[in-house]
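Peer 1: Residues per chain, in single letters:
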Amino acid sequence: MRNWFVGLLIVGFVSVLGCQPQDKKNTSTTQTTQKELKVAVAAPYTGSAAAFGEMIRRGAELRQKEINEAGGINGMKLTLLFEDDAGKGSEASLVAERIVNSPQKIVAVVGHFNSTCSLAGQEIYDRVGIVELSPGSTAVEVCERSPWTFRNLYHDGFQGKFIAQYIDNVLTDIESVAVFFDNDDYGRGLRNAFVAEAERIGLNLVASEAYERDSTNFKAQLTSIKAKNPDAIFISGLFTEAGLIVKQGREAGITAQFFGADGVDSPDFLTVAGSAAEGTYLTTPFTFGAGGTEAKQMEANFKALHGVTPDTWAALTYDAVGMIKEALEKTYNAEASIEDNRKAIREHLASLDTPEEGYEGVTGLTYFDINGDTVNKPAYVKIVKDGQFVAAEKQLRELK
Amino acid sequence: MAQLLEQFINGLVLGGIYALIAVGYTMVYGIIQLINFAHGEIFMFGAYLALMLITVFNIPFWIAVPASMLLCAMLGMLIDLVAYRPLRDAPRLSALITAIGISLVLQNLARMIWSARPRLFPTETLPAFLVSEVNMQTGEILNAIPLPGGGVLPYRDVCILLLAVVLMIALNRLIYLTKIGKAMRACAQNRVASNLMGIKTNQVIAVTFAIGSALGAIAGIMVGLSENITPTMGYYKGVAAFAAAVLGGIGNITGAMLGGIIIGLAEVFGAGYISGGYRLAIAYIIMIAVIVIRPSGLFGKSTGTRA
Chain A
-9 MRNWFVGLLI
1 VGFVSVLGCQ
11 PQDKKNTSTT
21 QTTQKELKVA
31 VAAPYTGSAA
41 AFGEMIRRGA
51 ELRQKEINEA
61 GGINGMKLTL
71 LFEDDAGKGS
81 EASLVAERIV
91 NSPQKIVAVV
101 GHFNSTCSLA
111 GQEIYDRVGI
121 VELSPGSTAV
131 EVCERSPWTF
141 RNLYHDGFQG
151 KFIAQYIDNV
161 LTDIESVAVF
171 FDNDDYGRGL
181 RNAFVAEAER
191 IGLNLVASEA
201 YERDSTNFKA
211 QLTSIKAKNP
221 DAIFISGLFT
231 EAGLIVKQGR
241 EAGITAQFFG
251 ADGVDSPDFL
261 TVAGSAAEGT
271 YLTTPFTFGA
281 GGTEAKQMEA
291 NFKALHGVTP
301 DTWAALTYDA
311 VGMIKEALEK
321 TYNAEASIED
331 NRKAIREHLA
341 SLDTPEEGYE
351 GVTGLTYFDI
361 NGDTVNKPAY
371 VKIVKDGQFV
381 AAEKQLRELK
Chain B
18 MAQLLEQFIN
28 GLVLGGIYAL
38 IAVGYTMVYG
48 IIQLINFAHG
58 EIFMFGAYLA
68 LMLITVFNIP
78 FWIAVPASML
88 LCAMLGMLID
98 LVAYRPLRDA
108 PRLSALITAI
118 GISLVLQNLA
128 RMIWSARPRL
138 FPTETLPAFL
148 VSEVNMQTGE
158 ILNAIPLPGG
168 GVLPYRDVCI
178 LLLAVVLMIA
188 LNRLIYLTKI
198 GKAMRACAQN
208 RVASNLMGIK
218 TNQVIAVTFA
228 IGSALGAIAG
238 IMVGLSENIT
248 PTMGYYKGVA
258 AFAAAVLGGI
268 GNITGAMLGG
278 IIIGLAEVFG
288 AGYISGGYRL
298 AIAYIIMIAV
308 IVIRPSGLFG
318 KSTGTRA
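From first to last, the protein sequence lines stand for chains A and B.
As numbered in the numbering used here, residues -9 to 390 make up the first sequence, in order.
As numbered in the numbering used here, residues 18 to 324 make up the second sequence, in order.
The following block holds chain A by itself, in its conformation from the complex (with noise of 0.2 Å):
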């Protein structure tokens, strides 16, 4: 009798549950397909690269407040949904199939940040024909697969040849170089790259080594590449990862020169790695050093709204919202089908071909090759110093 009476309970509670959404989709399409435009922002918010995700999170929400509180777009509010790809590409692709099925009409995605999930995204996304514009996938790949993928930073074709010239021009005492990287397709395309170039123009590559993700322990690896004494240790990959290296690498009384890409550049490579991180290098696709009085007010207006200062991927994500924002001013129909709406963005992203049509943001100035690349865009080099990142003494404007 008892046994009953609980299933009861529970027939009832689950229908219940189960009857809430549906009430809620049908008041909401009512009201709102005037009234509210929706874009979904998909990144890495738990798992090891979550740092990137919040500074990516704020970062859209401080544009969204901007946007909303200016009067919207064309009188429409625009409703940012953060979706969570856990850093991974199995996770991207569910995040992925729930944004183009999903009830609430998206227009458009900013996202994803990891190459890994922007590849595995953009199956789908190219499926149904929505815009991917990311913030921060840099393989070469993500924009060359897919005519709806964009991106507002460089890619690591260009990364890696930067990084190895750097390493050659710049920091002339450096005669030879390890590598040490991610076995993702970030990782390995930045490798690739960068390999590539430094055969090019002769810097002596002793080792290469890889390591998996959300692996903790470098030992093995480091002892390798330690016996091998390079001048320059280059790690092609993402902060946690980085800075467990750093740190395990000045433990084992490794003394070479640390170097890292775009993926290292978070404030918690400085956490993990502590006072390893010393004197490392990175690149980066933006400094707030180098922007312009855009940039300025929008690092003020950053911190009055979350209480921190903004990174590189805060500002570029602030950028693509505003892109997005732009695309749909221009090219919104309230009459015209949800599958137009999201083509003509892309139409409209494409046009973007030539420094007079590019998109002046904090970040510079944004415009699209064929593949939807932007190849304009320098790279500038940070260094830690005193716990802090800053812009190393040489800058390299010009590749070779």
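Don't read these hints as lab results, they were simulated from the structure.
All of these numbers come straight from a predicted model, not from anything done at the bench.
In this text, a Cβ means the ideal position worked out from N, Cα and C, and glycines have one as well.
Warning: the hint list may mix true and false statements.
Stretches of chain A that chain B covers, calculated by requiring three or more beta carbons in the stretch to come under 8 Å of a beta carbon on chain B [to be verified]:
hint: 1; stretch: 211 to 221
hint: 2; stretch: 257 to 264
Quick list of the computed label-pair ranges, beta carbon to beta carbon [said to hold, decoys possible]:
hint: 3; chain 1: B; residue 1: G166; chain 2: A; residue 2: Q385; range: 35 to 43 Å
hint: 4; chain 1: B; residue 1: P165; chain 2: A; residue 2: E113; range: 47 to 55 Å
hint: 5; chain 1: B; residue 1: P108; chain 2: A; residue 2: V196; range: 40 to 48 Å
hint: 6; chain 1: B; residue 1: I305; chain 2: A; residue 2: L71; range: 39 to 47 Å
Chain B: place on chain A using the hints.
Peer 2: Then chain B, alone, in the frame of chain A:
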């Protein structure tokens, strides 16, 4: 040669940690034939609890370590009491699924309390000799023993190795020389008969959980000293330690210790000499190879009922 020696020591240190965790899996399996998947999470809680005791309550490291072991022993017993004891006579699969469930609950609990961001023991709270770092000017390494050929052995790793050996010997003595050890061995042989002989089997099982959990906790703290502390750390290290327990013959404590060392060495040599992208894969291949030749593991007794 120098590199070989250094890699060998790297492998031993990692293996010692695996052995400490593997013992927890194998002891519980030996007595109640349950693969306690929540054990990896206890390992993770060990690290987090020590971190909390140090950073939030400002307790010195040397007190935080045993305190965290004690708390984890209690957590282990609590899990047994709440989740496994009611299922003692249920089909084994029910308890196994429950173990997986508990593991997920604990992992997500840690994520809720401490967030997914990696954490570390703040250097200034640790005893100075546990922190080694190279002097960038002279190339000299603080708090480490120089090895022939340019390698180094940090004092911290020496401590980990010594502690692992001491704890293993202590555990061995406990099981073979004390009354509770005798009761544990009796329960492992036949729980029903032990009960009939007047052994309070539930208490013995609780003690087994407590010991395994305390060893897991100290392994977690050791890992936290050189790596980082995350809610998923128990999963990665737990899986490798479980492989070690299976390799050694699950249920056999000596086997688990040896299995841990073998997996640790295989992982380090695989990563150091073959490819770092497949470090766990190499450890698994060795485990599978051993299991194919000796299905019950290196030290396991072959019985028809083992899963």
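Peer 1: Could you see if the CB distance from G166 (chain B) to Q385 (chain A) stays within 35 to 43 Å?
Peer 2: Hint holds: Cβ distance 40 Å, inside 35 to 43 Å.
Peer 1: For P108 (chain B) and V196 (chain A), compare the CB-CB distance with the range 40 to 48 Å and indicate the outcome.
Peer 2: 57 Å, violated
Peer 1: Between the stretch 257 to 264 of chain A and chain B, are there enough contacts, at least three residues with CB-CB distance under 8 Å, for the coverage claim to hold?
Peer 2: Holds: 4 residues of the stretch 257 to 264 of chain A have a Cβ under 8 Å from chain B.
Peer 1: The hint says 39 to 47 Å between I305 (chain B) and L71 (chain A); measuring C-beta to C-beta, is that right?
Peer 2: At 44 Å between Cβs, range holds.
Peer 1: Verify the coverage statement for the stretch 211 to 221 of chain A against chain B, using a C-beta to C-beta distance below 8 Å and requiring 3 or more qualifying residues.
Peer 2: holds (count 5)
Peer 1: Verify the CB-CB distance for P165 (chain B) and E113 (chain A) against the hinted window 47 to 55 Å.
Peer 2: 54 Å, holds
Hint violations for this structure: number 5 only, all remaining hints satisfied.
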